[in-house]
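Engineer: Here is how the chains run, residue by residue.
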Amino acid sequence: MADHAAHALEPNPTARAFCLTSAFWFAVATTAGLWAAGYLIAPDFMANIAYLQFGRLRPIHVNLVLFGFVTPGLLAAAFYYVPRLTRTELFSQRLGVLTAWLWNLTVTVGIVSLSLGFSQGREYAELVWPVDMLVVLVFALVGVNLIMTVHRRREPVLYVSIWYVFAAVVLTALTYALGNVIWRPDTGALLGIPDAILLWFYGHNIFGLLLTPLSLGVAYYVIPIVTRNPLYSHTLSLLGFWSLLVVYTHIGTHHLLQVPVPTWLKVVAIVDSIAMVIPVMAFLINIWYTARGKLGEIHADIAGKFIFTGTIWYFFVSIQGSVMALPQVQRITHFNNWTVGHAHIGVLGFAGMIALGGMYFILPKLSGKPLYSRFLADLQYWLVLIGITGFLVILTTVGLIQGNAWFNGETVYRVLPEIHLYYVLRLSAGLAILSGAYIGLYNMVRTLFFNPGVQA
Amino acid sequence: MIQRMTPTAVILGAVAILSAVVFVVIIWPNTTVDMTPSEIFRERTAEEAAGRKLYIANGCVYCHSQSIRAFDWGHGATRIAQAGDYVQDEPILLGSARTGVDLSQEGGEHPDDWHMAHFINPRWTRPNSIMPPFEHLGMENLRLLTRYIQSLGMQAADKRMQRQAFWKQASTKAYEAGIEANVRWLSETVPQGWRDIPTPYAASDYSLARGRMIYQGFCIGCHGPVGDGMGDAQPHIYPPPLNFTILKGRGISGGLIYYQVMNGITGTAMPYFKKELESQKIWDVGNFIAAYFIDELDANGPPRGIDAAYEP
Ligand code: HEM
Ligand code: HEM
Chain A
1 MADHAAHALE
11 PNPTARAFCL
21 TSAFWFAVAT
31 TAGLWAAGYL
41 IAPDFMANIA
51 YLQFGRLRPI
61 HVNLVLFGFV
71 TPGLLAAAFY
81 YVPRLTRTEL
91 FSQRLGVLTA
101 WLWNLTVTVG
111 IVSLSLGFSQ
121 GREYAELVWP
131 VDMLVVLVFA
141 LVGVNLIMTV
151 HRRREPVLYV
161 SIWYVFAAVV
171 LTALTYALGN
181 VIWRPDTGAL
191 LGIPDAILLW
201 FYGHNIFGLL
211 LTPLSLGVAY
221 YVIPIVTRNP
231 LYSHTLSLLG
241 FWSLLVVYTH
251 IGTHHLLQVP
261 VPTWLKVVAI
271 VDSIAMVIPV
281 MAFLINIWYT
291 ARGKLGEIHA
301 DIAGKFIFTG
311 TIWYFFVSIQ
321 GSVMALPQVQ
331 RITHFNNWTV
341 GHAHIGVLGF
351 AGMIALGGMY
361 FILPKLSGKP
371 LYSRFLADLQ
381 YWLVLIGITG
391 FLVILTTVGL
401 IQGNAWFNGE
411 TVYRVLPEIH
421 LYYVLRLSAG
431 LAILSGAYIG
441 LYNMVRTLFF
451 NPGVQA
Chain B
457 MIQRMTPTAV
467 ILGAVAILSA
477 VVFVVIIWPN
487 TTVDMTPSEI
497 FRERTAEEAA
507 GRKLYIANGC
517 VYCHSQSIRA
527 FDWGHGATRI
537 AQAGDYVQDE
547 PILLGSARTG
557 VDLSQEGGEH
567 PDDWHMAHFI
577 NPRWTRPNSI
587 MPPFEHLGME
597 NLRLLTRYIQ
607 SLGMQAADKR
617 MQRQAFWKQA
627 STKAYEAGIE
637 ANVRWLSETV
647 PQGWRDIPTP
657 YAASDYSLAR
667 GRMIYQGFCI
677 GCHGPVGDGM
687 GDAQPHIYPP
697 PLNFTILKGR
707 GISGGLIYYQ
717 VMNGITGTAM
727 PYFKKELESQ
737 KIWDVGNFIA
747 AYFIDELDAN
757 GPPRGIDAAY
767 EP
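If you read the protein sequences in the order shown, they are chains A and B.
Sequential numbering from 1 applies to the first sequence in our numbering.
Sequential numbering from 457 applies to the second sequence in our numbering.
Hints were generated in silico from the structure; no laboratory data involved.
Since we're looking at a predicted model, the values are computed, not measured.
Label-pair ranges, simulated between beta-carbon atoms:
(1) A:Val-144 - B:Glu-499: 45 to 51 Å
(2) A:Val-144 - B:Ser-475: 19 to 25 Å
(3) A:Thr-397 - B:Ser-660: 33 to 39 Å
(4) B:Asp-763 - A:Asn-408: 25 to 31 Å
(5) B:Phe-479 - A:Val-277: 23 to 29 Å
Partial list, derived from the structure: chain A residues whose beta carbon lies under 8 Å from chain B:
(6) Pro-59
(7) His-151
(8) Leu-158
(9) Pro-194
(10) Ile-197
Quick reminder that beta carbons are idealized off the backbone N, C-alpha and C, glycines included.
Start from the sequences and build out the full structure, keeping to the hints where you can.
Structural biologist: Structure follows, in structure tokens:
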């Protein structure tokens with residue numbers, strides 16, 4: 001889309017604030033990830049700092065990428081396209097900006113509390129009760145703003161992107177509250193095995209009902225514009241949307257295939273993990289057919305490039321995920337770095353790439369000027385792509401080494417020296433992602449604030 | 457059809473689906489899961505509960521699982537997890553990664569002094585470890601953490617802890633009775649058959665080189681770089697790690713060393729290595745200790761059987 005540069009200024013302080021939020025926390029989050037990766041190589045380097053030791057840094061990293069980087073990035077695009085698609089203004093920019101500030105406050109309080117050791121010890125649900133409340137509040141505020149915007153729409157038909165945003169925001173507010181057991185503020189947990197079932201129902205919904213629908217929403221919006229093709233099929237969008245909601249919510253127990261939870265629940269999780277092919281392929285066929293014959297346009301457009309690449313990662317992560325849900329496979333892949341590889345291609349390769357693409361799509365519109373540097377955006381694209389590909393290869397390899405060695409009767413300790421080298425390689429690949437994050441931050445800040453470009 | 461996707465339809469539809477699913481995959485199992493305590497269950501003491509809080513606050517759960525699977529071999533692989541093991545856990549700490557070992561049956565695997573040294577710096581007892589040091593928590597917190605860790609496995613752990621306490625007393629008494637008495641006591645704990653066996657394999661350069669590697673990866677933090685028992689962990693371990701150099705002329709056979717390394721010396725910090733080192737590796741490290749620290753080798757001496765096929 002060559003005329004990308006020539007966009008009239010569309011002031012949208014909310015979308016702008018969410019862009020900056022995302023770019024900033026992306027840099028912080030990768031720094032934390034890199035630091036954590038360093039501890040796995042040299043545990044005595046910078047050791048004994050209570051606030052930063054691996055056990056605290058890891059949840060900081062994960063919460064930051066989820067709630068600091070990816071979600072706000074995807075929401076930034078949503079705050080832009082929901083008014084556009086409904087041909088109206090955002091319900092309240094003031095509320096939107098306030099939400100962005102509250103969002104940053106929430107993230108900051110969250111990571112400070114984690115680094116101080118306030119944690120509920122449940123993966124993806126670590127944040128303590130007061131922070132949980134803030135999270136639910138910010139999701140509610142986002143929801144109110146977007147729903148009210150749609151309420152005042154001048155376009156009768158709701159485009160598929162809006163369905164996804166609605167589902168993501170409303171359902172996440174609900175599952176977040178449920179999954180964090182907010183009615184038990186002390187522990188934020190249930191007792192025994194039911195706690196595990198609830199935790200992973202919620203944990204998987206963070207990917208399935210938050211990151212995935214928000215990402216799909218962005219892709220559904222941007223790809224037709226960039227390729228100037230109409231959406232291939234509305235039937236497929238309907239199928240993809242409803243089947244995503246039905247199927248994705250059932251599969252949390254595939255995280256618990258090897259622990260004593262009821263067998264029927266495992267069967268449901270496995271069957272539906274395979275059935276995930278339906279919503280995944282409904283979306284991908286729809287988007288890929290929309291883009292058919294227009295790869296040149298996609299390549300020429302930085303946003304299209306990020307987002308299309310994200311859809312390819314979506315394909316990989318989902319196929320991989322369905323395979324990982326098979327008990328026979330999971331014997332090898334569970335408990336080790338294979339899963340960490342899957343997590344990174346999902347959250348960064350798929351959702352993170354699309355978030356970056358969405359931001360690059362709206363930035364020129366928010367500033368009314370072309371990107372500060374297309375070159376830097378391309379550089380970021382390649383750094384992130386190389387980094388994440390490296391992660392997949394390295395972490396999958398090391399996961400196979402660990403999983404097969406354990407299966408063969410070797411102890412965890414015996415395998416440690418074998419995997420050391422791979423941890424070093426992972427750190428190196430991480431350097432690429434880290435550089436990408438900082439370059440992106442610089443580029444976005446320059447685009448919005450110190451942009452020498454001519455206003456169109 | 458697209459026209460029917462009004463905001464109300466989307467939101468209500470989504471919430472309706474979510475509610476139905478929550479009923480099926482959350483509420484239904486919650487009301488039907490069997491919460492009967494398992495046969496090893498017991499309640500946690502106040503100190504153990506405090507230790508568990510530290511375990512949560514310091515993110516041990518990101519590296520340690522607490523759930524043994526049917527096909528596991530490592531730590532605690534003698535008991536497969538049951539739902540009834542977790543009925544007092546809020547939150548449940550199953551974990552999703554084994555960057556470290558499974559801890560569900562950790563109680564009584566080691567005596568307390570091993571854990572204290574290990575928490576202060578894991579490299580001291582486990583030279584290749586990548587676990588973070590937790591010295592910054594302070595001694596009182598490490599003590600509480602140790603109480604929690606020693607309770608993992610509940611009644612099964614208590615049984616192992618009694619065994620540790622019993623042998624801790626015996627080994628301490630022997631140690632305090634002087635070098636002579638201690639070495640005698642240590643030797644007498646080894647079945648006679650093992651004591652009579654010399655190392656059946658030659659102490660070749662290759663065997664010694666491999667033995668050195670194993671020593672550096674498994675033993676050096678306690679027994680020290682020169683085998684005098686002055687490794688980094690030494691100040692925290694009692695009875696302290698054995699000084700190998702005192703063993704010279706005291707009738708130590710390769711078989712005895714093998715047995716001690718294989719089974720460990722329960723009650724002392726000396727761990728068992730049979731899950732980690734296969735037969736040849738134990739003979740090799742034994743050769744290494746005997747050659748370099750004890751300075752007294754019985755490798756390949758009489759009574760010897762038929763030479764192994766691979767020997768030069
Ligand atoms: C500098 C780049 C990065 C490095 C070095 C890095 C490193 C790490 C490390 C060391 C862990 C802990 C794994 C373990 O426990 O063994 C982790 C977990 C995780 N990281 Fe990253 N990370 C980076 C960037 C990212 C980005 C950009 C995202 C997402 C957008 C991300 C998402 C995650 C997730 C979701 C987990 C949890 C994995 C799981 O629980 O299986 N990381 N990362
Ligand atoms: C068809 C789609 C998918 C299926 C069937 C699937 C399946 C799985 C399975 C079976 C696991 C558990 C692995 C184990 O513990 O042994 C897992 C973990 C994970 N998945 Fe997926 N996955 C899918 C898509 C995604 C997507 C799109 C994302 C990210 C947006 C994602 C993010 C993650 C993360 C972060 C974990 C790590 C959880 C942890 O901390 O243990 N997955 N997935």
